[in-house]
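Fit chain W to the given chain F structure using the hints.
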Amino acid sequence: MVIETIIVSAVSMGGIAAALAVFLIFADSKLKVKTDPMVDKLTDMLPGTNCGGCGVPGCSAFAEALIKGEMSPGGCVAGGEDVVNEIAALLGVDAGSKSRMLAVVLCKGGSAEAVQKATYRGEVNCTAADISGGGKGCVYGCLGLGECVDACDFGAMGMDDNGLPVVFYDKCVGCGACAKACPRDIIEMHPEEHKLFVYCKNKDKGPKAKKVCTVACIACSLCAKDCEVEGAIAMQSNIAVIEYGPDPLGGDAIKRCPTKCILFDVEKDVTKERFEAAQKGAVLKTG
Amino acid sequence: MVKLLMIFISASLINNFVLTYFLGICPFIGVSNKTENALNMGFATTFVMTLTAAVTWPIYHYILVKFNVPYLEYVSFIIVIASLVQFVEMYVKKSSPSLYKALGIFLPLITTNCAILGLALFMVLRDYGFLESIVFGFATGVGFTLALVMMSGIREELEFADVPKVFQGASITFLVAGLMALAFMGFAGLIRG
Chain F
1 MVIETIIVSA VSMGGIAAAL AVFLIFADSK LKVKTDPMVD KLTDMLPGTN CGGCGVPGCS
61 AFAEALIKGE MSPGGCVAGG EDVVNEIAAL LGVDAGSKSR MLAVVLCKGG SAEAVQKATY
121 RGEVNCTAAD ISGGGKGCVY GCLGLGECVD ACDFGAMGMD DNGLPVVFYD KCVGCGACAK
181 ACPRDIIEMH PEEHKLFVYC KNKDKGPKAK KVCTVACIAC SLCAKDCEVE GAIAMQSNIA
241 VIEYGPDPLG GDAIKRCPTK CILFDVEKDV TKERFEAAQK GAVLKTG
Chain W
1 MVKLLMIFIS ASLINNFVLT YFLGICPFIG VSNKTENALN MGFATTFVMT LTAAVTWPIY
61 HYILVKFNVP YLEYVSFIIV IASLVQFVEM YVKKSSPSLY KALGIFLPLI TTNCAILGLA
121 LFMVLRDYGF LESIVFGFAT GVGFTLALVM MSGIREELEF ADVPKVFQGA SITFLVAGLM
181 ALAFMGFAGL IRG
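Going down the list, the protein sequences come from chains F and W.
In this text, residue positions in the first sequence follow the working numbering: the first is 1, and each later residue adds one.
In this text, residue positions in the second sequence follow the working numbering: the first is 1, and each later residue adds one.
There may be inaccurate statements among the hints.
For the chain W half of the interface with chain F, some residues (derived, Cβ under 7 Å), not all of them [as the list claims (entries may be wrong)]:
#1 Phe67
#2 Ser83
#3 Phe87
#4 Met90
#5 Tyr91
#6 Lys94
#7 Arg126
Restricting the straight-line Cα-Cα distance to at most 30 Å, the calculated cross-link-like pairs of lysine-lysine (DSBU-like) are [said to hold, decoys possible]:
#8 F:Lys201 with W:Lys165
#9 F:Lys34 with W:Lys94
#10 W:Lys93 with F:Lys30
#11 W:Lys165 with F:Lys34
#12 F:Lys272 with F:Lys225
#13 F:Lys280 with F:Lys268
#14 F:Lys30 with F:Lys117
#15 F:Lys195 with F:Lys171
Ranges of calculated distance between the beta carbons of each label pair, as one might list FRET restraints [unchecked claim]:
#16 F:Gly55 with W:Leu39: 51 to 59 Å
#17 W:Gly186 with F:Gly48: 45 to 53 Å
#18 W:Gln168 with F:Ser237: 24 to 32 Å
#19 F:Arg100 with W:Ile25: 40 to 48 Å
#20 W:Ile78 with F:Gly55: 33 to 41 Å
#21 F:Val124 with W:Pro97: 38 to 46 Å
#22 W:His61 with F:Thr35: 52 to 60 Å
In case anyone wonders, no lab produced these hints; they're calculated from the structure.
All figures in this text were calculated on a predicted structure; none of them were measured in a lab.
Cβ atoms here follow ideal geometry from the backbone N, Cα and C, with glycine treated the same way.
Isolated chain F, as found in the complex (with noise of 0.2 Å):
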């Protein structure tokens, strides 16, 4: 009887299916679609993260903008340099030489740095976080709750012990979802030639920064006194604001700085090994 059930089962369903599976095939052969077996080969060359760093949804759009000529090759950023140099000589075309963008997060102020006016209890996001105010003084600053981290295809970020994130100077691709994944804007995307940055968003005046954090920004100006190019750097709304030009800027506006916010050549500092052995470093020294 059981045997039988099975059998019944089995058959009946087996049936059902392969009466379906002929339908489809029948209709597949009729209904085929010619497409261009370009786009499927650049498709195919991509690195199919779909991450839509270059500006159109997913790869294999690109790929049809390629053929269609309204991207250059070096649109992508999450391929690479072999990538884009396969692409550009197969399709014949100049790679549109793009420098390297990186993910910059522009805030130093850590659990150990910002004052604490509040602990936060609701949904682990920053974005709920952010409609409340999040538990630190400062409002401009880093939420610490990795929604950047969360938004990173590429494992190109951490969350540190001092609870900001980082990004891994060799992983990142430059694609850009964790700054569109921060609420409160902290994290920008720059061109590696970029080395100065000011690490600091809060808005306020000195006095009520600096009461919020140890690395505030209090906009006193002494950086673009210092800036070996002049005008270079800004003070607007209580921040210094950097204007990059074609002139490098060195690493002389950090000297004088009172709080430490403003930094040169620090972003290489962190690769993802070194990252991980300091996490492990960290785990040994708690435990």
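Only chain W this time, still in chain F's reference frame:
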């Protein structure tokens, strides 16, 4: 004839799948931001629903009941729906690539639209005949399209409305959906019994 009409009105208005049973909420929220897309999604779903009713009815009555294996209804209905959606996808890809792009992921997701499985199961539960099932399937699709198009119309207006920050996006959409469901309760008195 009267019974068919009753089934039609009942399935499309009074017992609207989306607004009364809350089936198929995913495309209802997902593809209702533009009226044009909502209409096309509605048509695609209506097509799949009607075909599903037409195909699953004979399968249930002539195969599953005959061989005394009615417990296979879930599995067999699912494969029928899945292959019909495959078929619709091929057809849309061939006939209108722009619609194919606009519907995007929601087209293959018709497979997992619970309104369609719900339709097939209700059809069996209520003991509908073949013709009644087809009318039921079609009417459900019409009701689904109606809900989607109405929702998209409201959402297009909402774009210009001054919505408070906390209500923006999904929240206001859910509120609107709830209010629409309340309004549809008004149809409950349309047919007795």
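Cross-check of the supplied hints:
1. For W:Phe67, the suggested interface contact is upheld, since its CB lies about 5 Å from the closest CB of chain F, less than 7 Å.
2. A least Cβ separation of about 4 Å between W:Ser83 and chain F falls short of the 7 Å threshold, and the interface hint therefore holds.
3. For W:Phe87, the interface hint holds, since its Cβ comes within 7 Å of a Cβ in chain F; the closest pair sits about 5 Å apart.
4. A hinted interface residue such as W:Met90 counts as satisfied when its beta carbon comes closer than 7 Å to some beta carbon of chain F; here the least separation is about 4 Å, so the hint holds.
5. Contact between W:Tyr91 and chain F, as hinted, is supported at the beta carbon level, the nearest pair being about 6 Å apart and thus within 7 Å.
6. A cut of 7 Å between beta carbons decides the hint on W:Lys94: the least distance to chain F is about 5 Å, and the hint holds.
7. Given hint, W:Arg126 at the interface with chain F, is violated; its Cβ is 22 Å from that chain's nearest Cβ, farther than 7 Å.
8. Taking the CA atoms of F:Lys201 and W:Lys165, the gap is about 22 Å. The hint holds against a cut of 30 Å.
9. Restraint check for F:Lys34 and W:Lys94: satisfied, since their Cα atoms lie roughly 9 Å apart, inside the 30 Å limit.
10. With a C-alpha separation of about 12 Å, the suggested pair W:Lys93 and F:Lys30 falls inside the 30 Å cut-off, and the hint holds.
11. As the CA atoms of W:Lys165 and F:Lys34 are separated by approximately 46 Å, the hinted pair breaks the 30 Å bound.
12. With a C-alpha separation of about 36 Å, the suggested pairing of F:Lys272 with F:Lys225 is violated against the 30 Å cut-off.
13. With a C-alpha separation of about 20 Å, the suggested pair F:Lys280 and F:Lys268 falls inside the 30 Å cut-off, and the hint holds.
14. Annotation: proposed proximity of F:Lys30 to F:Lys117 is violated, straight-line Cα distance about 67 Å (limit 30 Å).
15. Under the criterion of a C-alpha separation no larger than 30 Å, the hint pairing F:Lys195 with F:Lys171 is consistent with the structure, at around 18 Å.
16. The hinted window of 51 to 59 Å between F:Gly55 and W:Leu39 is violated, with their beta carbons roughly 29 Å apart.
17. Hint check: W:Gly186 to F:Gly48, Cβ distance near 50 Å, so the stated range 45 to 53 Å holds.
18. In this structure the hint that W:Gln168 and F:Ser237 lie 24 to 32 Å apart at CB holds, the actual value being about 26 Å.
19. Between F:Arg100 and W:Ile25, the C-beta spacing of about 43 Å keeps the proposed range 40 to 48 Å intact.
20. Between W:Ile78 and F:Gly55 the beta carbons are some 39 Å apart, a value that agrees with the proposed interval 33 to 41 Å.
21. At about 41 Å, the CB distance of F:Val124 to W:Pro97 agrees with the hint of 38 to 46 Å.
22. In this structure the supplied range 52 to 60 Å is violated for W:His61 paired with F:Thr35, their Cβ-Cβ distance being about 41 Å.
The structure fails hints 7, 11, 12, 14, 16, 22 (numbered hints given earlier, in ascending order).
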